[in-house]
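Chain residues, written in single-letter form:
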Amino acid sequence: MSMPEPAAPPRRRLLTARRLVPALMILIVGVLVLAPLLRILMATLTPSGLEAWGAILASPMSPNLWWRPLMNTLILGLGVSAGCLLLGGFTAWLVVMTDVPGRRILGVMHTLPFMIPSFAAALAWGTLFRNSRMGGSSGFFEANGFVIPDWLAWGVVPVLIVLIAHYYSLAYPIIAAALSSVGADLVEAAQMTGARRPRIFFGIVLPVVTPALVSAASLTLAGAVANFAAPALLGLPVRMQTLSTRLFGMIEIGQAERGFVLALLLIAVSGVFLFLSDRLVSGRRAFVTVTGKGGRTRRFPLGRWRWPLFAAGFGLAMLTTVVPVLVLVSSSLAPQTGALFSNWTLHFWLGEGGGQIAQGNAGIFRNPVLIGALVNTLKLGVVVALISMVLGLALAHTITRNKGTVLANVLSQLAFLPLLIPSIAFAAAYIALFGAPLGPLPSLYGTFTLLVIAAAAHNLPYAVQAGRSVLGQISTDLEESARLTGAGPLRRMWAIVFPLAIRGLLAGAILVFVKMVRDLSLVVLLFSATSPVLSMVAYRYAAEGFMQFANAITVLILVICLAASLIAQALQARVQKWKE
Amino acid sequence: MVSEPKDAIRITNLVKRFGDFTAIPGLSLAVPPGAFLVLVGPSGCGKSTLLRMLAGLDEPTGGEIAFMGQVVSSGAGGVVADPKKRNAGLVFQSYALWPHMTVAGNIGWPLKVAGWDKPAREARIDEVLALLGISTLRDRYPAEISGGQQQRVAIARTLAPKPAILLFDEPLSNLDAKLRIEMRSELMRIHRATGATSVYVTHDQVEAMTMATHVAVMNQGRVEQFGPPVGLLKHPATTFVATFLGTPPGNLLPARRQGDMLVHAGIPLAPAALAQGRDEVQLFYRAEQISTAKGTGRPVLRAEFSEAAPMAGRVMVTATVGPIRLSAIAEEQPDARPGDGIDLSLSGAPDAVFAMSGERIE
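Respectively, the protein sequence lines represent chains A and B. Residue numbers 11 to 590, in our numbering, belong to the letters of the first sequence in order. Residue numbers 645 to 1006, in our numbering, belong to the letters of the second sequence in order.
Since the hints were derived computationally from the structure, they do not count as laboratory data. Heads up, the beta-carbon is just placed ideally off N, CA and C, and yes, glycines get one too. Honestly, I wouldn't trust all of these hints.
[Said to hold, decoys possible] In silico SDA-like pairs for lysine to any residue, Cα to Cα no more than 20 Å straight-line:
# : chain 1 : residue 1 : chain 2 : residue 2
1 : A       : Lys389    : A       : Ala578
2 : B       : Lys728    : A       : Ala578
3 : B       : Lys729    : A       : Gly204
4 : B       : Lys756    : A       : Pro217
[To be verified] Simulated restraints on C-beta separations:
#  : chain 1 : residue 1 : chain 2 : residue 2 : range
5  : A       : Pro111    : B       : Asp664    : 18 to 24 Å
6  : B       : Asp984    : A       : Gln579    : 56 to 62 Å
7  : B       : Met1000   : A       : Arg207    : 30 to 36 Å
8  : A       : Arg207    : B       : Asp664    : 28 to 34 Å
9  : B       : Ala767    : A       : Arg207    : 44 to 50 Å
10 : B       : Phe662    : A       : Leu290    : 40 to 46 Å
11 : A       : Gly313    : B       : Asp923    : 57 to 63 Å
12 : A       : Pro111    : B       : Met1000   : 45 to 51 Å
13 : B       : Gly985    : A       : Pro499    : 52 to 58 Å
14 : A       : Thr415    : B       : Glu948    : 55 to 61 Å
15 : B       : Gly966    : A       : Thr121    : 53 to 59 Å
16 : A       : Gln579    : B       : Ser817    : 37 to 43 Å
17 : B       : Lys729    : A       : Thr121    : 23 to 29 Å
The whole structure should be built from the sequences, with the hints applied where relevant.
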């Protein structure tokens, strides 16, 4: 029995290396995702934290702090998801199931509103509809002699409209995908039984797409519940508070514990709905992916309704994309909101200060704060995109390599957790963790570093998803066949893996970049007043009534996002010429 | 009216156009009650288009379709009767099971639409489940059962409302070879049990030969030949039918008249009288008429060997003569490698003679 064991030392080293990487990953994700959430929970369990729970849930103040914001939040959430189902369902039905003219164009147009940040839509609404009740200049319609009632200018109704116009284009592709999975065969099999069209619709089509409807409803609901920009811009002036604006207000005035409690409650509210919808569509009845065979879809002839319905679909797309952008652009050029299309001047963009208009303020490109904000924004977008893609790829690699192990499951669950957390609550959690000195670390509150870490963590789900799809494109065969030629790991990485991965990585990075550039709800809590980003500056201008400046900056943000997408497309065409 | 028995299905001058493309240029066909008609042909020959018009899912551009003497579709008036009034059922190639209903739900829904009351529905569901041998699957969802079981559910669902006419759109093409043979006999058993006139679309000529009482071979929207399967096999009317049906496929050799013989590549094959005055014809030999054994006085073709496959105790040999691929039957595995030369001897007279345009002359 004196067998030597030559293989033992290397194997042991291999095993530790194999364990080390996932352990490191768990540590990183733990610090990024779990630690802030645990910390914010702990912060509300201290004596002053418990006091905050009491103040919010059971005190004379609680109607103001909790019940009314909760009501508003629920009204917005349910209203928006109902509206999105209606509009998204209508447009999806029109594009997928009917012979409406211009289906392809309509299909693309209805995905665009989601690209325009909700604060842009809210600003455009304000530019058109604000009335003089709040002081400051009135909007386009009132300046032209229309009477705009308060309910149309401020509060629940405009917030609902703006959010529905934004989020319906999130519901549309989900419902459209489900509808196109309803193969013609399914419908024809029902036709063969002699069932009439309404019966086929309610008996077959609707039940088959129900899981998609539920998930579209829950996603739009979660989005509306978490949204900060629209209620802040259109609701706060009339003291309409939602949970997210309340939470922002509490932290702004230094009531951090109350803010943390509200953040936890906001997470809970959004979590309850996501959980319920998940229960509804999971299990046996998650049948939506069953029939991949129905290639054809049955198109219902619309007859004489073809053109009217086309006009409705086209009009909706125009009202939610072109019109807001047009309003923002012309407002940034027109000295008076009452005359959006006359006396255009570049003053708000380039003008020197000291004149009659804009209370003597210089145009945005002459404003050093703004140039600084532009630089900050681009820097933030690029840094966060890079960090989250590297992190996402590493995580995706670890998860796929350790597939089926508890480790991989924990990792992927953790990495997707931020998706369920409203971003303003996530920001609050980061304040709870890094707002005070942490051991040897100084307080990071208000620093660029904190924002980068928080943003990278919040974008982790998208980055991991992008990383997974990238890795999915590179089958191990490809790498192994390169290995058989004798190429070393670095060379394989450079010659095989990288060229194949670059397209997906770029797409993921651009997505994260764009999300960061137009984000408001995460940065609004985490950034300091001295070195803001563009969306913050726009928000502040809007809050102070300088609509043109706010609109000009928003146009700038839109241009950056558009340019980033175009560059991404051009780059992708360049780096992967074989994909034509 | 004469009191002759009505055809279960009568198709008269049926035309179907999609824009500029004519899928079916004019087709007539009649099927007696209780028949099992197989529409067979290569993909794109119009057989599925015809089936969809029979089902009432598409409207003909011209001509008409009558079930039991009653016009159900006509080119002039579009679809006359909607699917319900046709009393026909269709089994889809993709099965088209509704994914949100259980097996029992799928079978029961057509009955519900037809207004059956609950006890009758339940009884009928049990009955067809038993007929197809899938009673244990009653409460499963389509996603939870195998492809073969889904196929049985799809058939059960179609049978449930007791249609007078059963339509099948390539129902077995998604099954593996073994299941396909099993389902073939299963379908024939069901046909016997229900007695419903059936129309079955396939591109598999074996299915046509084994299941049909009547076969219609379709090509480019036309019926090339219509009749009982054995008749078609024995007396193909065109070269298309001759080479499409039969396992292994038959052989066509072009031949030219030289003196009183028909000659292929310098080798005299048959007397010129067979050509009935034509200068060029195609001679049809079945695989069993060509062998590798050397016979005396028989014409011998020098061919290039490509492959050999054992088949029911004998060997099917494939070889090429110029661009023509020939199938022959040998008693023994030939001692040849692909590319080697091999002698093929033809037995006696060709089985049939076709004009160069394809129609049969002898």
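Outcome of the hint check:
Proposed proximity of Lys389 (chain A) and Ala578 (chain A) is supported: the alpha carbons are some 17 Å apart, at most 20 Å. Of the supplied pair hints, the one linking Lys728 (chain B) and Ala578 (chain A) is violated, its CA atoms being roughly 54 Å apart against a limit of 20 Å. Distance hint between Lys729 (chain B) and Gly204 (chain A) is fulfilled; the C-alpha atoms sit about 8 Å from each other, no more than 20 Å. A C-alpha spacing of about 17 Å is found between Lys756 (chain B) and Pro217 (chain A), which places the hinted pair at or below 20 Å, so the restraint holds.
The beta-carbon spacing between Pro111 (chain A) and Asp664 (chain B), approximately 20 Å, falls within the hinted interval of 18 to 24 Å. Between Asp984 (chain B) and Gln579 (chain A) the Cβ separation comes to about 57 Å, which falls inside the hinted range of 56 to 62 Å. Checked against the given bound of 30 to 36 Å, the beta carbons of Met1000 (chain B) and Arg207 (chain A), roughly 53 Å apart, lie outside it. Look at Arg207 (chain A) against Asp664 (chain B): about 30 Å separates their beta carbons, and that is inside 28 to 34 Å.
Between Ala767 (chain B) and Arg207 (chain A) the C-beta distance comes to about 30 Å, which lies outside the given range of 44 to 50 Å. A hinted range of 40 to 46 Å holds for the C-beta pair Phe662 (chain B) and Leu290 (chain A), which are about 42 Å apart. In this structure, Gly313 (chain A) and Asp923 (chain B) meet the distance hint of 57 to 63 Å, their C-beta atoms being roughly 59 Å apart. Remark: the range hint 45 to 51 Å for Pro111 (chain A) to Met1000 (chain B) is upheld by a beta-carbon distance near 49 Å.
In this structure, Gly985 (chain B) and Pro499 (chain A) meet the distance hint of 52 to 58 Å, their C-beta atoms being roughly 54 Å apart. With their beta carbons about 58 Å apart, Thr415 (chain A) and Glu948 (chain B) fall inside the hinted range of 55 to 61 Å. For the pair Gly966 (chain B) and Thr121 (chain A), the beta carbons lie near 58 Å from each other, so the given range of 53 to 59 Å is met. Judged by the Cβ atoms, the range 37 to 43 Å given for Gln579 (chain A) and Ser817 (chain B) holds: they are separated by roughly 40 Å.
Against the hinted window of 23 to 29 Å, the Cβ-Cβ separation of Lys729 (chain B) and Thr121 (chain A) comes to about 43 Å, which falls outside the hint.
Of the numbered hints listed earlier, those contradicted by the structure are 2, 7, 9 and 17.
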